[in-house]
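Student: These protein sequence lines map, in sequence, to chains A and B.
Under this note's numbering, think of the first position of the first sequence as 7, with each following residue one higher.
Under this note's numbering, think of the first position of the second sequence as 96, with each following residue one higher.
Some clues are possibly wrong.
[As the list claims (entries may be wrong)] If we take Cβ atoms under 7 Å as the criterion, some of the chain B residues that face chain A in the derived model are:
#1 S160
#2 K167
#3 P178
#4 P180
#5 N181
#6 M182
#7 T184
#8 E189
#9 N191
#10 F195
#11 I334
#12 G336
Honestly, the hints are just simulated from the structure, not real lab data.
All values derive from a computational prediction rather than experimental measurement.
Quick reminder that beta carbons are idealized off the backbone N, C-alpha and C, glycines included.
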Amino acid sequence: MKKAIKLELSFYEGHIKLMAYPLLAAVVFAYFTQNIIYATLMSALFFSMSVIPLPFDVLSQNDASRHLYNLLPLTINEIVTARYFAIFLVGCCLVILGIVLQSMVMFVFQLPFVVDDVLTAAIVGIAAFLLLLSLQIPFIYQQGVIKGRMSGRGIIILASLLVFTYGYKYLKAMDLNTQLLLLLFCMVSLVTFLISRSISVKIVRSKGF
Amino acid sequence: MNALELVNISKKYPSFLLENINISLPMGKIMGLLGQNGAGKTTLLQVINNEIEADSGQVYVLGKSNKAVSVKQFVGIVTDAIPFPNMWTPISIEKNMGQFYSNWDTKKYHNHLMFFNLEANKKISELSRGMKVKLMISFACAYDAKLLVLDEPTSGLDPVSRRELLIYFKQYVSDGKHSILFSSHITSDLDKVADFVAFLVEGKLCLYSEKSALTDCCIIHGNIEDADRINSEAIYFSIDGHIFSALIKKEKVPESNRFSALPAELDDIMILLDRSYKNEESNQT
Numbered sequence: 007m008k009k010a011i012k013l014e015l016s017f018y019e020g021h022i023k024l025m026a027y028p029l030l031a032a033v034v035f036a037y038f039t040q041n042i043i044y045a046t047l048m049s050a051l052f053f054s055m056s057v058i059p060l061p062f063d064v065l066s067q068n069d070a071s072r073h074l075y076n077l078l079p080l081t082i083n084e085i086v087t088a089r090y091f092a093i094f095l096v097g098c099c100l101v102i103l104g105i106v107l108q109s110m111v112m113f114v115f116q117l118p119f120v121v122d123d124v125l126t127a128a129i130v131g132i133a134a135f136l137l138l139l140s141l142q143i144p145f146i147y148q149q150g151v152i153k154g155r156m157s158g159r160g161i162i163i164l165a166s167l168l169v170f171t172y173g174y175k176y177l178k179a180m181d182l183n184t185q186l187l188l189l190l191f192c193m194v195s196l197v198t199f200l201i202s203r204s205i206s207v208k209i210v211r212s213k214g215f
Numbered sequence: 096m097n098a099l100e101l102v103n104i105s106k107k108y109p110s111f112l113l114e115n116i117n118i119s120l121p122m123g124k125i126m127g128l129l130g131q132n133g134a135g136k137t138t139l140l141q142v143i144n145n146e147i148e149a150d151s152g153q154v155y156v157l158g159k160s161n162k163a164v165s166v167k168q169f170v171g172i173v174t175d176a177i178p179f180p181n182m183w184t185p186i187s188i189e190k191n192m193g194q195f196y197s198n199w200d201t202k203k204y205h206n207h208l209m210f211f212n213l214e215a216n217k218k219i220s221e222l223s224r225g226m227k228v229k230l231m232i233s234f235a236c237a238y239d240a241k242l243l244v245l246d247e248p249t250s251g252l253d254p255v256s257r258r259e260l261l262i263y264f265k266q267y268v269s270d271g272k273h274s275i276l277f278s279s280h281i282t283s284d285l286d287k288v289a290d291f292v293a294f295l296v297e298g299k300l301c302l303y304s305e306k307s308a309l310t311d312c313c314i315i316h317g318n319i320e321d322a323d324r325i326n327s328e329a330i331y332f333s334i335d336g337h338i339f340s341a342l343i344k345k346e347k348v349p350e351s352n353r354f355s356a357l358p359a360e361l362d363d364i365m366i367l368l369d370r371s372y373k374n375e376e377s378n379q380t
């Protein structure tokens, strides 16, 4: 599995610039929102848009790349799982790097900044990224990079709207504390990830890469 | 042990049927898979490579089912398109792919790159078709693939590169531990290197034989009036207008000036098989 993740990470080599733009956006969010948790959540959305389709994009530049995995002594389960983990790893690094940069900006500009929020922001950012990648990847496997990316983003926008309009209201009514809310969010992300991964494995088994 | 064994392989598509293919390739041998465009060569290779699943039948590579993941450790696949990302170089192939193979030999890989005059830092997108084929072969050899499955490796190559590759194939199997299955419609290439030949016509295996057995045969052409005399002795027989053609053992050629007997070249056999199959089809309908 480690080797497969290393292979997946190799697709990001030479695309550092593409990841620098969302990092810049993360800093801008922090400056304008003056709330590191909210800024990290928004950044995670931007990171997901550039990071998740990238390995699919790199491979789709060469039509024959779909045969790449056929050369490898790996099962479909291992290949798909490695892709999820590699994307998640890159996303985590970006979220953490984003938080560091955001904290620096807030400190330099002397914006209101609570140190405790940094940990919360990291958990929220990472869980949000996991949720976003879990929502997008099955669509990309099923419909290809261009169509799948659009469908995945459509689902994200729809889910975000539902959460902001209804979810937030109910959660507020339930009067949950922050820790419980965080735990709930992480659980939802994890369950979505597990379901998404098994759906992707099924898709690849039936239609190939 | 056979390097490759196909048992009753069938694969059906709406407009095409690969039917009941049985082939064995012994170790240390080269088998040429011949057939017209659309005969089913690539489909058969895809089944062997486990890229598509056969509707029925089994594929065994070195005695193991081709569905076993470990089989990839000793099968080298060389298709007409290179499957690596365009931005990769031969060096990045080594770095990213070599780790998966237990027999990976970096020195061997670099020796092959040098042998084929491939630049280690050249991007894949900048390589010619011939260079890509050579790179794929270098890659497969670096992990000591016991079976090389090649899909039209020599088509589109210049004569010098083709010759170079054919000599390399002969050397590759010379130790008796490696085998090659290679599909082509360039019969002259197979004439030079193949030990076995398998002819596919419209998804059917029409002939599977040691090539040396075919050198004992000849193709005779004659007038349709004499067809009955030959038909019973012929391995393959076809009629085209008033002329018949037959593949026949040399010793069975009747001594008569009514026939012209020519050495059985793969090219002629391919044409004869194709006609013979189409005759059978039209007789059935």
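Student: Hint by hint, say whether it matches the structure.
Tutor: Now for the hints, and whether the structure bears them out:
1. S160: violated, 14 Å
2. K167: Since the shortest Cβ distance to chain A is 4 Å, the answer is holds.
3. P178: holds, 4 Å
4. P180: holds, 5 Å
5. N181: holds, 5 Å
6. M182: holds, 6 Å
7. T184: Since chain A brings no Cβ nearer than about 11 Å to B/T184, farther than 7 Å, the hint is violated.
8. E189: It is violated, given that the least Cβ distance between B/E189 and chain A is near 12 Å, above 7 Å.
9. N191: Holds, because the Cβ-Cβ distance from B/N191 to chain A comes to roughly 5 Å (cut-off 7 Å).
10. F195: holds, 5 Å
11. I334: violated, 42 Å
12. G336: violated, 44 Å
Of the numbered hints stated above, those contradicted by the structure are hints 1, 7, 8, 11 and 12, listed in ascending order.
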